[in-house]
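There are 2 protein chains.
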Amino acid sequence: MECTVPLGPASTRLLLGHGSSQNLAETLSLSGTRVTVVSDENVSASARGRVFPDQDWLVVPPGESSKCLERAAWLWSQMLALGMDRRSALVAVGGGVVGDLAGFAAATYLRGVPFYSIPTSLLAMVDASVGGKVGIDLPQGKNLVGQFYPAKIVAVDPALLATLPEAEWSSGMAEVIKHGILSGGDFWSQLLSFHPADRSQDKKLEALVTAAVRVKVGVVQDDPFEKTGLRATLNLGHSYGHAIEWCSDYGMSHGQAVALGLLAGVRLSRLLGILQEDFEPELSALLERWGLSGTLPDSDDGRYSWERISLALGRDKKNKDGQWCFVLPQALGRVQLVYGPDRAAVERAFSSLLV
Amino acid sequence: MECTVPLGPASTRLLLGHGSSQNLAETLSLSGTRVTVVSDENVSASARGRVFPDQDWLVVPPGESSKCLERAAWLWSQMLALGMDRRSALVAVGGGVVGDLAGFAAATYLRGVPFYSIPTSLLAMVDASVGGKVGIDLPQGKNLVGQFYPAKIVAVDPALLATLPEAEWSSGMAEVIKHGILSGGDFWSQLLSFHPADRSQDKKLEALVTAAVRVKVGVVQDDPFEKTGLRATLNLGHSYGHAIEWCSDYGMSHGQAVALGLLAGVRLSRLLGILQEDFEPELSALLERWGLSGTLPDSDDGRYSWERISLALGRDKKNKDGQWCFVLPQALGRVQLVYGPDRAAVERAFSSLLV
Numbered sequence: 001m002e003c004t005v006p007l008g009p010a011s012t013r014l015l016l017g018h019g020s021s022q023n024l025a026e027t028l029s030l031s032g033t034r035v036t037v038v039s040d041e042n043v044s045a046s047a048r049g050r051v052f053p054d055q056d057w058l059v060v061p062p063g064e065s066s067k068c069l070e071r072a073a074w075l076w077s078q079m080l081a082l083g084m085d086r087r088s089a090l091v092a093v094g095g096g097v098v099g100d101l102a103g104f105a106a107a108t109y110l111r112g113v114p115f116y117s118i119p120t121s122l123l124a125m126v127d128a129s130v131g132g133k134v135g136i137d138l139p140q141g142k143n144l145v146g147q148f149y150p151a152k153i154v155a156v157d158p159a160l161l162a163t164l165p166e167a168e169w170s171s172g173m174a175e176v177i178k179h180g181i182l183s184g185g186d187f188w189s190q191l192l193s194f195h196p197a198d199r200s201q202d203k204k205l206e207a208l209v210t211a212a213v214r215v216k217v218g219v220v221q222d223d224p225f226e227k228t229g230l231r232a233t234l235n236l237g238h239s240y241g242h243a244i245e246w247c248s249d250y251g252m253s254h255g256q257a258v259a260l261g262l263l264a265g266v267r268l269s270r271l272l273g274i275l276q277e278d279f280e281p282e283l284s285a286l287l288e289r290w291g292l293s294g295t296l297p298d299s300d301d302g303r304y305s306w307e308r309i310s311l312a313l314g315r316d317k318k319n320k321d322g323q324w325c326f327v328l329p330q331a332l333g334r335v336q337l338v339y340g341p342d343r344a345a346v347e348r349a350f351s352s353l354l355v
Numbered sequence: 356m357e358c359t360v361p362l363g364p365a366s367t368r369l370l371l372g373h374g375s376s377q378n379l380a381e382t383l384s385l386s387g388t389r390v391t392v393v394s395d396e397n398v399s400a401s402a403r404g405r406v407f408p409d410q411d412w413l414v415v416p417p418g419e420s421s422k423c424l425e426r427a428a429w430l431w432s433q434m435l436a437l438g439m440d441r442r443s444a445l446v447a448v449g450g451g452v453v454g455d456l457a458g459f460a461a462a463t464y465l466r467g468v469p470f471y472s473i474p475t476s477l478l479a480m481v482d483a484s485v486g487g488k489v490g491i492d493l494p495q496g497k498n499l500v501g502q503f504y505p506a507k508i509v510a511v512d513p514a515l516l517a518t519l520p521e522a523e524w525s526s527g528m529a530e531v532i533k534h535g536i537l538s539g540g541d542f543w544s545q546l547l548s549f550h551p552a553d554r555s556q557d558k559k560l561e562a563l564v565t566a567a568v569r570v571k572v573g574v575v576q577d578d579p580f581e582k583t584g585l586r587a588t589l590n591l592g593h594s595y596g597h598a599i600e601w602c603s604d605y606g607m608s609h610g611q612a613v614a615l616g617l618l619a620g621v622r623l624s625r626l627l628g629i630l631q632e633d634f635e636p637e638l639s640a641l642l643e644r645w646g647l648s649g650t651l652p653d654s655d656d657g658r659y660s661w662e663r664i665s666l667a668l669g670r671d672k673k674n675k676d677g678q679w680c681f682v683l684p685q686a687l688g689r690v691q692l693v694y695g696p697d698r699a700a701v702e703r704a705f706s707s708l709l710v
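Chains as they are written, first to last, in our numbering: chain A, 1 to 355; chain B, 356 to 710.
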């Protein structure tokens, strides 16, 4: 399956389905394009048997700490040492960290070289790999430096999920469930009928991943540069989620934090009288099914105090002129941006996660 | 005077003429845009009395060594510390180094914030400020990391040249003369009749600067991303020029190196039978008029040996598949790209600069 996602002046060709990663590798090989692969130590071991076995691989340590300026500088110097010119291509094979880092290196090396992406985690497949956001973290915060630089082709190949650790399934499913709320309708029903055991059924898994990717595609192609507010709806669950993630010192997975953010968001929406269809019972059941907790872990050190959470909420990129911004659900398939909600309600909805 | 330069999906508004820098400052002030200025220690002292006296200024040391990753990282951290968000603007006030560095910081901070430019050197006015190229150097070479990120508005204000040191006039005039060869016709005549004393005549100076900028505008708007080869013609004189600059360990000014490159280029063109109109006498007279030498300085250390020059020529970004590439004049107003010229002729033309 294949589609093209227009993203402003550029566009991304999306290859979807089992075997699409090999299709991309063959396409590049046939075109005679010189390829260098960026990956991490965890992924490269298994992936190199499958794609680009004879190309140069630049392998970084796994984890968010690789998404830094020093690692980008290392990539640039390696690309120079390999003699890459403006027609050489960089291919990311890995999760979100690898995709963001490699995409930033490709966007800036010699003012931009062709970039391709093979996401290997569920999270990267349904979220990070489509939409053109690339970048690195600074010591002061995540994703503070980057570009909009869409991959020319993204191959979303569910076959690569066969070896995905259980914790990463949970993290990815949180974003899939978020897409379910944004989409509602058939995709929500599909989610409700998809159980962990179904992951071994290629057709069912492919249908789920494809549907989840399509939600993201539908949003980013209508608002590629976050100008209209539409793309901001993908931030559902992320205001609370990012705040919780920061308070955990990034010890909590992104997906678990988003799961808690989705729950708190439904509750805040109810408190503000915005929620018209109460889907919390179904949401809670889905989160539980995928190993995502509905309550914050106990902590003696006050890391999840309202004081810290509200500090983090105050730094959300969606805020305007000091007003907090939340994406809140009205019903399945319908969300709205809310500026300056009652802070007591925001606190009450958050507190519900502590019990 | 004002015009709009389309550059792919973006475009640059160009304000030309005495007072245009204040016009830009007023425009930004009226729009309520939050402004942070990037400048260098030499320029900021005099410029701050003229534009943006009450805004935040981020001041870097003068010289090419500021166009580095460490300085970009410093800018990002300062922008964060100042609380700049995606609607805040960065304004470069300085020469080419400041424009390239600030533009790169603006292109990447929070995935891109609005960027404006007030070039203060002749070189930056007629060359670097229009066309969207921003970037930094790596230890391995110049301009290896960057982006195409056109300034929203560029104010080319010849009034700012009143305090320009004589050496910088020479360097800038080398690029103006290059534009004269590319353009030919009226602009070449204008150049021939413009003498150093005319710099104090506002109208004459403004007419010259405006005409030179228009040559660059005409080229970059037809080939913004260097795809067709047209933009590459701006590299006239730069194959030899970059090689000479590198051999001098960047002790020679860019303009002086380009001046020598222009001369050697005419001679190579004659040797290859490409030159149809021999304008070397006029070119030599112009270079001399603006303090640009037609011969290489004596050096006992062999820095300008053919061995070193040919090594540097081999690294030119225009080369393809190991073939050297030169932009060579056929006549005033007409140049061509030449791949794989006879290397003995390339050496002979270069050697003519040594006597």
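Careful, some of the hints might be misleading.
Partial list, computed: chain A residues near chain B (C-beta under 10 angstroms) [what the hints assert, rightly or not]: (1) S29; (2) D85; (3) A89; (4) F104; (5) Q140; (6) R308.
Coverage of chain A stretches by chain B, computed from C-beta distances (three or more under 8 angstroms per stretch; other residues unrestricted) [claimed, not checked]: (7) 40-48; (8) 69-76; (9) 182-190.
It should be emphasised that the hints constitute simulated quantities derived from the structure, not laboratory data.
Built from N, CA and C at the ideal position, the CB exists for glycine as well.
Evaluated hints:
1. S29: For S29/A, the interface hint is violated, since the closest Cβ of chain B sits about 19 angstroms away, which is over 10 angstroms.
2. D85: 8 angstroms, holds
3. A89: With Cβ-Cβ at 17 angstroms, over 10 angstroms, it is violated.
4. F104: 8 angstroms, holds
5. Q140: OK, holds: Q140/A within 10 angstroms of chain B, min 5 angstroms.
6. R308: 20 angstroms, violated
7. 40-48: violated (count 0)
8. 69-76: Since three or more residues must qualify, the claim that chain B covers the region 69-76 of chain A holds, with 3 doing so at under 8 angstroms.
9. 182-190: violated (count 0)
Hint compliance for this structure: hints 1, 3, 6, 7, 9 are not met, and every other hint is.
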